[in-house]
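Below, each chain spelled out in residue letters.
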Amino acid sequence: MPAPLKARVHVMLKDGVLDPQGEAVRHALGTLGFTGVEAVRQGKVIELDLAATDKASAEAEVKAMCEKLLANTVIEKYSVEIA
Amino acid sequence: MKAAVITFPGSNCDRDLAEAFAKAGAEVTRVWHKETELPKGTDIVGIPGGFSFGDYLRCGAIAARSPVGQAVAAHAKKGGYVLGICNGFQVLTEMGLLPGVLMRNAGLKFVCRTVGLTVATRESAYTAGWQTGSVIRVPVAHHDGNYTADAATLQRLKAEDRIAFTYVDNPNGAMADIAGILSDNRRVLGMMPHPERVVDAAQGGTDGSVLFRSVVGALAEA
Numbered sequence: 001m002p003a004p005l006k007a008r009v010h011v012m013l014k015d016g017v018l019d020p021q022g023e024a025v026r027h028a029l030g031t032l033g034f035t036g037v038e039a040v041r042q043g044k045v046i047e048l049d050l051a052a053t054d055k056a057s058a059e060a061e062v063k064a065m066c067e068k069l070l071a072n073t074v075i076e077k078y079s080v081e082i083a
Numbered sequence: 001m002k003a004a005v006i007t008f009p010g011s012n013c014d015r016d017l018a019e020a021f022a023k024a025g026a027e028v029t030r031v032w033h034k035e036t037e038l039p040k041g042t043d044i045v046g047i048p049g050g051f052s053f054g055d056y057l058r059c060g061a062i063a064a065r066s067p068v069g070q071a072v073a074a075h076a077k078k079g080g081y082v083l084g085i086c087n088g089f090q091v092l093t094e095m096g097l098l099p100g101v102l103m104r105n106a107g108l109k110f111v112c113r114t115v116g117l118t119v120a121t122r123e124s125a126y127t128a129g130w131q132t133g134s135v136i137r138v139p140v141a142h143h144d145g146n147y148t149a150d151a152a153t154l155q156r157l158k159a160e161d162r163i164a165f166t167y168v169d170n171p172n173g174a175m176a177d178i179a180g181i182l183s184d185n186r187r188v189l190g191m192m193p194h195p196e197r198v199v200d201a202a203q204g205g206t207d208g209s210v211l212f213r214s215v216v217g218a219l220a221e222a
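So the sequence lines, in the order shown, correspond to chains V and C.
When the first sequence is numbered by the working numbering, its final residue is 83 and no position is left out of the sequence of numbers.
When the second sequence is numbered by the working numbering, its final residue is 222 and no position is left out of the sequence of numbers.
In case anyone wonders, no lab produced these hints; they're calculated from the structure.
If you want the footprint, here are the derived chain V segments under chain C, 3+ residues with CB under 8 angstroms:
{"#": "1", "stretch": "13-25"}
{"#": "2", "stretch": "70-83"}
Mimicking SDA-like on lysine to any residue, the simulated pairs with C-alpha atoms at most 25 angstroms apart in a straight line are:
{"#": "3", "chain 1": "C", "residue 1": "K77", "chain 2": "V", "residue 2": "V74"}
{"#": "4", "chain 1": "V", "residue 1": "K14", "chain 2": "C", "residue 2": "R65"}
{"#": "5", "chain 1": "V", "residue 1": "K44", "chain 2": "C", "residue 2": "G10"}
{"#": "6", "chain 1": "C", "residue 1": "K158", "chain 2": "V", "residue 2": "G16"}
If you want the ones that stay clear, here's a sample from chain V, every Cβ over 12 angstroms from chain C, calculated:
{"#": "7", "residue": "F34"}
{"#": "8", "residue": "A39"}
{"#": "9", "residue": "S57"}
Note that beta-carbon positions come from the ideal geometry of N, C-alpha and C, so glycine has one too.
The task is simple: from the sequences and hints, build the whole structure.
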């Protein structure tokens, strides 16, 4: 019997959307002496344990979850890894 | 005239909002988030401020998809009135009833103080009690009030006269100083400032009572 699948969803702000938290992190890194950090973008990683065993249908379902809840597609983009 | 005020786990302005509607003459019912229907004959739904579902995932995201959230969306789609304040505004954007998003304040800090607001249009049931250009004083209290939308959306809001309130002195980085916006049918209003916190002299101001009297009066006549 195939093992249940795990999904990992990365949610990031879209390019061009100002990320004030990432900018604050960049600034703090500079204060700590880590020069040469030109930009920081902060996002989320969401891990899901799935009952499904079929990779293709699991991926389609997780993408639907992203569209409906996990990401706000007005400002965020997402990517899905199934393993 | 019937108002329904929703309570989510983590709402904390629900009672103040219910009081503000009642003081303006509305018959108010409090509605728990697990309800799947609004009380019969509801004219306006109030979505209060607070931290619904602990602001988990994104502010307002879980509340927007809760059982009562679906009922509120259906109410709005058939032309019902909805007023979302602070977290309620965030919920309305997450539902897609209002365009854009409320991002983290540009200064990254929670902002809690009374600010000046300009009434940007009196062309709505909510703002008809003022003159366009009136300046009022209303408290804000939020961490994520930085209104953000793409250029086309901002252009449309301006062209359709849907910006209800703007900040006199922008506290959060919101685009075009936007503090509150209307839906295209002008019946859904989302705003970050808290008019329900200034409806009685004992609260230190009464500017907010104009909004409640105006919308309750308009709906009572209808």
